[in-house]
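All chains should be modelled from the sequences, with the hints used to inform the complete structure.
The listed protein sequences derive, respectively, from chains A and B.
Quick note: the first sequence, position 5, residue 5 per this note's numbering, numbers continuous.
Quick note: the second sequence, position 322, residue 387 per this note's numbering, numbers continuous.
Rather than coming from a laboratory, the hints here were simulated on the basis of the structure.
Be aware that a few hints might be false.
[What the hints assert, rightly or not] Below are the SDA-like pairs computed for lysine to any residue, each with C-alpha atoms no more than 25 Å apart in a straight line:
#1 K104/B to R84/B
#2 K180/B to T46/A
#3 K180/B to L56/A
#4 K180/B to V19/A
#5 K180/B to R9/A
#6 K180/B to V20/A
#7 K104/B to G93/B
#8 K104/B to Q374/B
#9 K180/B to T63/A
#10 K180/B to L47/A
#11 K180/B to D29/A
#12 K180/B to S283/B
#13 K104/B to E367/B
#14 K104/B to Q124/B
#15 K104/B to L82/B
#16 K180/B to Q342/B
#17 K180/B to P23/A
#18 K104/B to E370/B
#19 K180/B to D27/A
#20 K104/B to A70/B
#21 K180/B to A48/A
#22 K180/B to T21/A
#23 K180/B to L49/A
#24 K180/B to R38/A
#25 K180/B to Q410/B
#26 K180/B to L306/B
#27 K180/B to C421/B
#28 K180/B to F39/A
#29 K180/B to P42/A
#30 K104/B to R127/B
[As the list claims (entries may be wrong)] Label pairs and their computed distance ranges (CB to CB):
#31 P44/A to R184/B: 29 to 37 Å
#32 E251/B to D10/A: 35 to 43 Å
#33 D291/B to D10/A: 23 to 31 Å
#34 G83/B to R38/A: 46 to 54 Å
#35 G130/B to R6/A: 18 to 26 Å
#36 G3/A to D458/B: 47 to 55 Å
#37 A270/B to G3/A: 46 to 54 Å
#38 E32/A to D341/B: 27 to 35 Å
Since we're looking at a predicted model, the values are computed, not measured.
Using N, Cα and C, we set each Cβ at its ideal position, and we do this for glycine too.
Each chain is listed here by its residues.
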Amino acid sequence: MTGRVRVDRDRCCGSGNCVVTAPEVFDQDDEEGLVLLRFTAPAPETLALVRRAADLCPAGAITVE
Amino acid sequence: MTPAALTDLPLWPPTNLGRDPLVPLDAGERDRFDAPVTKVRLPTDATAWLVTRHADVRQLLRHPGFSADLTRPGFPLLRALPPESLSDRRGGFIRMDGIEHSRLRRMLTAEFMIKSIRRIEPLIRQTVESTLDDLRDAGPPADLVATFALPLPSMVICHLLGVPYADHDFFQLRSRTLLDRSAAPELVRTHVGELRDYLHGLVEAKCAAGDRGDDLLSRLARDRVDTGELAVDELVGMALLLLIAGHETTANMIGLSTLLLLREPDRYAALRDDPDQAETLVEELLRYLSIVRTGLPRLALEDVEVGGQLIRAGEGAIAVLSTANRDAAVFDGPDEFDPYRQAHQHVAFGFGVHQCIGQPLARAELRIALVELARRFPGLRLAAPDGPLPTRDNSIVFGLDALPVTW
Ligand code: SF4
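Now the structure itself:
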């Protein structure tokens, strides 16, 4: 478990749940509204939130390694 | 299956008649549908697997092996499909799968993302204020649904799309037909046709040179139709979808939420005194009230095991959002209304790639509407506290038909 986060923009449906859950780590781009990763290796203290974001992502577009 | 065996199956959805509007299923119905997966009979005499647990509902709705395309043979329909031509369905992306769906949905994701909705919060606030003025002028007593809960989201979606609110009688009536499970297929067909014709005229005007307003339909006309990415018919279908989805959903959430808060006056008062807690309250309202109570139907395209039941290719499945939102495995004391719990795991907006695209808008409208209502009408109470309240029993989106209030 490295805590490395990946997002798959092809799967993302732009629901924005990740931005609500962990705004320090996730954003949506202005043009397409699809997920953007602000940090690929988020601080350990945000990891629980990132995991929660992965769990709540409706499209299964977030993975935490 | 023989006809006799078919009638042995429990009928889904159950009627809401006589039930407290805040209770999705009564005790008897819970017994009938309590297993994780139950075989049920639909009003169309089709059968389907009813999936009721939170984890299973999420698995089903996120699984690519299930289709949302209700024109596929075997799709578990709650009412017969109206006779349609292909062009009737263009742009209606909630009924599409895969890249067909994502191509159209992605043209809208930036429009509805949180950042974009934050920018229009002043407009939402303004609309809340003016509809609350109307409520004040209408009473006391007044019908909160007719004067506030329905006009508010209607005005907001009209403004966003660039649809004249002055035509609201026309499209509100028709949008209601589209959601009414008991409406005759021919009437549905007629009303869809009329709405499409209406929106077609509007979209054509927006596509014509000279009418380039700063609204969503104008932007899509300019950025997608002009560039050849999107056909006019598709834009019409998208407009139809957004107009309908923007109407009854938030309206019914506001009506039911107000009823709940009036029964819990301390929470209502707290909303005024501490508006910061509104966000948590709204999540719990979404979980607790789950207005899409008939569930989300899907068709299995391959064999998939859900909740220990093998659902075979060609069989229907229905993801019941309201039971998932009251699953004790996820929410402690699920039948208690408790805004301090972690309610945001709810599936009130669905799950999977079709999850409600308008959720940031719905959340903002609900939060602002309820806080301002509590602030402006601190003494609000039910005007007819004892009688049963008229509910939308046959609607795909459950809610109150009227909420008589006084202050
Ligand atoms: S939660 Fe998932 S689908 Fe939604 S914006 Fe984030 S990555 Fe995309």
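Numbers of unmet hints, in rising order = Violated hints: none; all satisfied.
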